[in-house]
Amino acid sequence: MLHFENMDSLDNRCRGSMVEHRAANAFAEAEMFLPLQRRDANAIFQKPKGCCLSGAAALMISVATPPVQKKKKSSFDHHSAAALFSLFAAGCAIEHMFGGVVADRISLLYPHSGRIMCAQFSAFMGIPFSWFLLRVVPQSVSSYFTFAVTLFLMGSAISWNSTASNAPVVGILAEKLYGYDAKSVDPMLGSAKEALALSKGLFSLMALPFGLCCLFYIPLYWTFRKDLENARIASIKETEVI
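Using full-length UniProt numbering, you'd call the opening residue of the sequence shown number 1 and step up by one each time.
FYI, nobody ran anything at the bench for these hints, they're computed from the structure.
Careful, some of the hints might be misleading.
With a straight-line Cα cutoff of 27 Å, these simulated DSS-like cross-link-like pairs (lysine-lysine) come out [unchecked claim]: (1) K176 with K193; (2) K226 with K237; (3) K176 with K200; (4) K200 with K183; (5) K183 with K193.
Please read all numbers here as calculations on a predicted model, not as lab measurements.
Could you build the full structure based on these sequences and the hints that come with them?
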């Protein structure tokens, strides 16, 4: 009787070893064919009815298959992006007035260079803010607050040009070149003649930048075709790799 009990015990140990071995093989094969996906242990290995896994086999499966992790967002949604753009626009709107006030004060100390200094400062500030925004701030949705503060301050610093120097230049051009006289303008009825002088001054300062912008596109007639072909080839290669 003892002999049969020992045989039964040995048979149970053999079966347990076989179950552990099969569990290890099944998990290894699953990991080989699904390296990019994490599955629950029960989905990979179904425990046979009437059999019990030993502690070593269960521990191996539980450690090798961590819980499924949700994919993190890699970009802002539409509402978050709109809020960031609104903060940038708000900074620009506020500093339009502030830039004009600063330029007026500095022009009292430096009549011939104060406004130019303000405009140069505002234009230069676009460089460090762009560097910090695009190279320093981590490109992650977790950096939303940093993006918000940076964009607001950037809008506040790079928007002085129009009120610091551009608007006064329009006035000077209208007065010197087109005969604008602020004293002859009726506060209630206005003046068609002076309005025409101002519109001519504005047109002069708008037509030249637009014309230069148009000219800068001319080299694309020689380079755009090659760039387009390179982009098409790169897209085909990416599709083949995928």
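To see whether the hints hold, each was checked on the structure:
| no. | hint | result |
| --- | --- | --- |
| 1 | K176 with K193 | 15 Å, holds |
| 2 | K226 with K237 | 17 Å, holds |
| 3 | K176 with K200 | 12 Å, holds |
| 4 | K200 with K183 | 18 Å, holds |
| 5 | K183 with K193 | 12 Å, holds |
The earlier numbered hints are all upheld by this structure, with none contradicted.
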